[in-house]
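Novice: The primary structure of each chain is shown beneath.
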Amino acid sequence: MSAAGNNEGARTGRALPWALVTPAVGWTLLFFVLPFVAMGLSSFTAQEGGGGTLSNYSQFFTNPAYWQAMVNSLQVTAIVTVVSVLLAYPFAWILAEQVPERWQRLALMLAVLPFWTSYVVRSYSWLLVLARNGVINRALSGIGMVSEPLQVANTRLATVTGFVHFFVMLLTLTIFANLKQLSPSYRKAAADLGAGPVRTFLHVILPLTLPGIMVGAFLTFVLCIGDYITPQILGGNNELLMPQLVMMQIGRRGDFPLASALSIILMAVVTIAYLACARWLKIERT
Amino acid sequence: MRSIARIASWIYALAVYGFIFLPVVVLVLFSLQSTSFPIPPFTGPSLRWYEAVLSDSRLTSALVNSLLVAVLSSAAAVVLGFLSAWGFARFVLPGSGLLRGLITLPLTVSYLIIGMGLLVLFNWAGVPKSLLAAGIGHVVINLPLCFAIIYSQLGDHQINIERAARDLGAPEWKVLLLITVPVMAPAIFAGFFLSMTFSWDEFVISFLLTRFETTLPVEIWNLLRSGLNPKTNAVGSLVFAVSIVLVVFFELTLLRRKPA
Amino acid sequence: ADLNALIWCDHSDPALLQPFEEANNVKVNVKEFEGTGAGLAIVEQSQPGDWDVMVIDSIDVPRGVEKGLFEPLPEDKLPFADLFPQVKMDGSTVVGGKRYGITEKFGYNTIGFNKTKVDPADMQSLASLTGDKYKGKVAIYDYYLPVIGMAALAIGKKTADLTDADLPALKEELLKMKANAKLVGEVTASQTALATGEVDILVGGGEWVTAGLAKENPALDFSIPKEGAVLWSQSLAMFKDSKNKDMALKFIQYILSPEGQARLATSSCYWGMPSNTKAALTDDRKKVLRFDEQPGFLARAQAYPSPNAELDKKMQDMWTEMLQAK
Amino acid sequence: MNAPLVDIRDVSHRFGQHPVLKNVSLTIAAGSYTILLGPSGSGKTTLLSILGGFVNPSEGKVLIRGQDCTSVPPAKRPTTTVFQDYALFPHMSVGGNVGFGLRMQGIDGATRAAKAREALTLVGLAAAFDKKPHQLSGGQRQRVALARALVIEPAVLLLDEPLGALDLKLRRQMQDELKAIQKRVGTAFIHVTHDQEEAMALADHCVVMNDGRIEDEGPPERVYARPATRFSATFMGESTILAGTVIETMDMTSIVTTPVGPVSLSSVLPLGSTAALAIRPEHLVLGAVSAGTKLGKADVSDVVFQGSFKRVLATSVEEPSLRFVAKLPATAIVHAGDRVAISCDTDQIIVLTD
Amino acid sequence: MNAPLVDIRDVSHRFGQHPVLKNVSLTIAAGSYTILLGPSGSGKTTLLSILGGFVNPSEGKVLIRGQDCTSVPPAKRPTTTVFQDYALFPHMSVGGNVGFGLRMQGIDGATRAAKAREALTLVGLAAAFDKKPHQLSGGQRQRVALARALVIEPAVLLLDEPLGALDLKLRRQMQDELKAIQKRVGTAFIHVTHDQEEAMALADHCVVMNDGRIEDEGPPERVYARPATRFSATFMGESTILAGTVIETMDMTSIVTTPVGPVSLSSVLPLGSTAALAIRPEHLVLGAVSAGTKLGKADVSDVVFQGSFKRVLATSVEEPSLRFVAKLPATAIVHAGDRVAISCDTDQIIVLTD
Ligand SMILES: Nc1ncnc2c1ncn2[C@@H]1O[C@H](COP(=O)(O)OP(=O)(O)OP(=O)(O)O)[C@@H](O)[C@H]1O
Ligand SMILES: Nc1ncnc2c1ncn2[C@@H]1O[C@H](COP(=O)(O)OP(=O)(O)OP(=O)(O)O)[C@@H](O)[C@H]1O
Ligand SMILES: NCCCCNCCCN
Ligand SMILES: [Mg+2]
Ligand SMILES: [Mg+2]
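Protein chains in written order, with this note's numbering: chain L, 1 to 286; chain E, 1 to 260; chain S, 1 to 326; chain A, 1 to 354; chain Z, 1 to 354.
It should be emphasised that the hints constitute simulated quantities derived from the structure, not laboratory data.
Where is the CB? At the ideal position from N, CA and C, for every residue including glycine.
It is possible that some hints are incorrect.
Stated by the list, open to error - Restraint ranges, calculated between C-beta atoms of paired labels, are given here:
1) E:171 / A:109: 11 to 21 Å
2) E:241 / S:158: 51 to 61 Å
3) L:103 / Z:130: 42 to 52 Å
4) A:10 / E:171: 28 to 38 Å
Required output: the full structure, derived from the provided sequences and hints.
Specialist: In structure tokens form, the structure reads like this:
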């Protein structure tokens, strides 16, 4: 009776279905859409005294220090997304294909265990790991591999490392799930038709997991470009990313209109990324 | 050839595990540092920073706040998400596609933007900053997640199960209570559990929307900014331990009972 | 009853607050902020009566008064006589003949350093900060006013006289500092960098960085270079709309009391000189804070720049550009 | 015949613009076993859903026991549905499932359990009372679904492809059981399938549907032997179809030319009209015989042994686009490649006039 | 017969501790259509996977064209598999799918496309070249999978329940096509199913498996008419089974007592041994006759019209636990409730000795 679903509405009347969906829709309108509108309106005001103005936007586009933050954010996010996918994919693949079935659950649990430390603390911990006198430098100079300590902490590389750490875990989960969902017969069929492991991977496994990768990559993009903690703790303020710039407007001067404008601009960039990935981001019923 | 590839993949996997665990191991190790700097050389072991954490009432009350916000906001998100998912899956509603898109939209927006929006709105409306405000923000980010998880599980088979109940004389509320909720329990639980996880670790919304009473991540942030010492490591390690206990508990009790 | 205090991070130390809370059976709710601009913005977004006391840079007290936020303080109930005279800062804390702020803590934004890693002689000149010798070994304290003040000293300007016209030169000086810097960090991040050996020099550092860490790392020190240093001074003010003025006054009295002063001076976020000469500090703590050398230091110190709103905005933008510069 | 138990009057249904049922009228007698047979998309499920109350027809009425039930919700109708995927409640025991309908009627636990046990005994699953559905095999689940529906004693039991998910052997076995249970309880069963053999095995009354219409209805023997339409002839069992034109009509007989020669029929057809003649596989005779209608020669292309018979495909020599499908006894000796004469019993030729 | 195309020698396989194949030996002739038939879990898929190279047997060897292939990977074997879920690559067009094997062989695009088109034409899907698999129906996908496997000209084509996902009507149609294609290309097909009718419709050689062993093998006619084991007799087609004891043996005949009377058989059985006698439904005769073996009387419980025949269930009067299953011509006149004499053709009684 599958095709004939969705018919209850005809008889139950209109009241019940609306009663069911209105709270969620209302909540989203009230606490997501309306704030967004408020933020949009606020972005056209000046901090001192209201009145419509484009000055917040013009400030962003004319001051290189401001739009440089967007450039930095896009660069960091792009690097993080690509590196995370490249690191996570083989890892997820090994977990899904090389690790014996009964150990897989454990292996995966182990891989996501560090998720359960606090995010803030994890970033801070990376700072200590990467510091000039941190664990890595002590270890490397201890075994004589470096004479001068590596300068990683408080650089973009540190920010990227902190991000990649988080997103490798996240992407491993999504890609692993994707690989497990693939029917084993695809792999068998490719092998059967003469493809070696490499070509099976390139022609079959990779394209079939691409949608999953895209979803994971998009998620990485959204979470990464909007994150304040990691660059703030690890980047040493050597450059500003968009969320830092936004928080700075609030934290230093309480300039909400400018912070709003910057948020709106950030949102516009996320929207472009969303549109690029939209076809992979549908939620279907099984 | 094959064994080389095998060995290479083992090495790779171990390297990734190493990368993943490095900060956590360092975190826990230096939480046992007896001096003030959580960097080598190791001077411990000592539990003094754990004592310091446990006697810090701001941290302990933040922990309670965090739990409270996580449980309540997740419960709200799961209830709203479940009801709407059920409504959309079971009834033909005009503009259903658009409305579903609307509900899931926050999933594609950075937390910072959501937090900023609420901050601006609440400022305008004169709503004071509070845990409640942060909780509202957490429902905003978790509602789409719960909705998506539950909606994707409300397939045609579930439709027939509900029809069968209706057919056997169950009124709508009994269908919901006796059939849909129990059958959907795994998805509902998954939504709740994930929401808890996200809420528990969420920083920026709580940071922007709370004032005195705040959540643990924000309090940890404050701690980070109020002096250098391994107390941060100790809090982090405690959170880690508590989380693991919870995960293992859920794993052993709720998740195990899956029908074969 | 609750007391709502808008404060800097040093006031959030339980060791400071708890004795007061217990003695007066009150809960002190604290909200931290960074710069005066942010603090005033928080007040603007609150309801009248939400706040009872505020910590504010002494030189910024008039900004709060202009907005009509503060209540005059009863001089007779506060230990004005015991304060270091140089930090009473009547020029800012007294407006229209009424006193609105009382300085509670002060110190210097100058050069903090690790004396085992740098030549202490070099630390006697701000020029060392921009020379090649310490490239990559320098951190900059992430607060625009004092560091711009230091840049002003470096180019031979008085902090009190800065105008728009000085901005290009200041910016150049800042960019030179940035080029040398490993990082730019707020209080704890810059402390951490210096303490853990991430950097050897902290521009804008002072006793507030080194004093608290002296026990763990005695190599940390600060200097007042020949060009002088920037004096930071924080005041307490009471809100006009406070619903709990008695308690607010009690709080201010407590902070200014010898015990309160000792606790504030050595509180966990950063240490600093107590403004009250009678602060109940132990001798070794006094030594760490260089209590006895203060008269000499104060003589060579200049206050924070105090730009008007327009210049302030420009200075902040200049700071943003400095952060973004490679 | 009394007033019919179910009376479907001029029911039409559209999903959006798409007409799915077109003016369907049908009556169901009490105690009968009715099969709705038709290809995928012909509207069987829709018609059943209208009977069950899950779909409101766009037009027309449904009367059950003389009462207009068209907009009565499923819970209030004297019908119960057995779903194709069984729709057992996975979180309840088998006993809980079967007792659910009684629970909704407010019947106390003890009575409920007793009745549920009784119903499970009826379907031969008394021992499964405390099991969970996932512990049962497909066939057992099917029986639980049946017991759950029967225990509330509906006037009409609706079954939507109840055996579709079972494998052949089990399907046969369940067909026997379904029929036996229906005879025992005497409830009217309305059962949807697209399997002709299932229809013949079960139906008292067989309703052939196509494209939203009822093409034919009646006892399966009649539908098979004298299908009303060409569709019905090809859907209910295989046939070889000969197209021809009536060239002569006499008293009681007509002669039709076909590509394989003239065929004389004992019925009167309009002269000059086209006619389609259908011949069932078991009525074709291979090899020379004296009696019957000659249908030319054919080359045997395939002989498939099917246990109790052989299925033979042969291509007409006279008309190469014509393919004969014949069923011969298992003992018949015929091989692919043979060229044989084809004939059939004249009386068994079915004339289709549409 | 030449050297067999495939020679499976003493293959055993275990998954962990669980033995799944037990000493299986089997040879496959070039150009033959072999069906592996057996119930779920009998090891059919495992055996096919061993042939395809997806599973390495715990013991034994597989020779293809005389060469030991036991541990040759799938890519290097002259076998290709058609998977039950088709395993069409969803991101490639139909043409891309069919050309995939050739592409892996390094064949250039133009040749590939030409050959893929040819293969698609063979399965009647020339027009689908540029479509994506999800745009095709189940039967069409099945054919694409077939074309994809055939285009690389394997010596042996392996099919694991290739029609399992299709509905009955489509399944029948695809059976005819599969057989025709196999005849046309001449490749040896090895086809797994648990549907006895499919086995009879397709097989040149039928292999009945049970519990990891080969119970019976041979042409389907032989397996049906003279099953080697009781399992084979009940799995391949229905039977009525009579249990009995040999009470007399003579020159060329034995007499077996059964609950419905003594049966005389034209074969020599050990005196005193128990024997099971199987009688196919089409060999039972209802009503008094003079010839044949008498099997007592029975009450007809159900008569099902099946188009070309009637299926009759009857319960023995002498032994109420015995149920006769008979197939009678459609014209036979018999009704539920009748009490009839039962007999059968003595020659058609199958003696099962296990
Ligand atoms: N809820 C629906 N919305 C739109 N169209 C529908 C719906 N349900 C069924 N249809 C369409 O109505 C037609 C008849 O569907 P129905 O399910 O009644 O056919 P059926 O005879 O049961 O077929 P099957 O044997 O495949 O189950 C089909 O074309 C189908 O696509
Ligand atoms: N990978 C595996 N690991 C463990 N046991 C297995 C595995 N594959 C199959 N088995 C077991 O081996 C036995 C035979 O399985 P196989 O798939 O060969 O049966 P089959 O005859 O193909 O059955 P079906 O008709 O259900 O497909 C079954 O008991 C099955 O549970
Ligand atoms: N603004 C936070 C307190 C920083 C303490 N450092 C002393 C300088 C004051 N701005
Ligand atoms: Mg249907
Ligand atoms: Mg199988």
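Novice: For every hint, state whether the structure bears it out.
Specialist: Each hint, compared with the structure:
At roughly 20 Å, the beta-carbon separation of residue 171 (chain E) and residue 109 (chain A) lies within the given 11 to 21 Å, and the hint holds. Checking the proposed 51 to 61 Å range against residue 241 (chain E) and residue 158 (chain S) shows it holds: the Cβ atoms sit about 56 Å from each other. Between residue 103 (chain L) and residue 130 (chain Z) the beta carbons are some 44 Å apart, a value that agrees with the proposed interval 42 to 52 Å. Taken as a hint, the range 28 to 38 Å holds for the pair residue 10 (chain A) and residue 171 (chain E), whose Cβ atoms sit roughly 31 Å apart.
The structure is consistent with each of the numbered hints, conforming to all of them.
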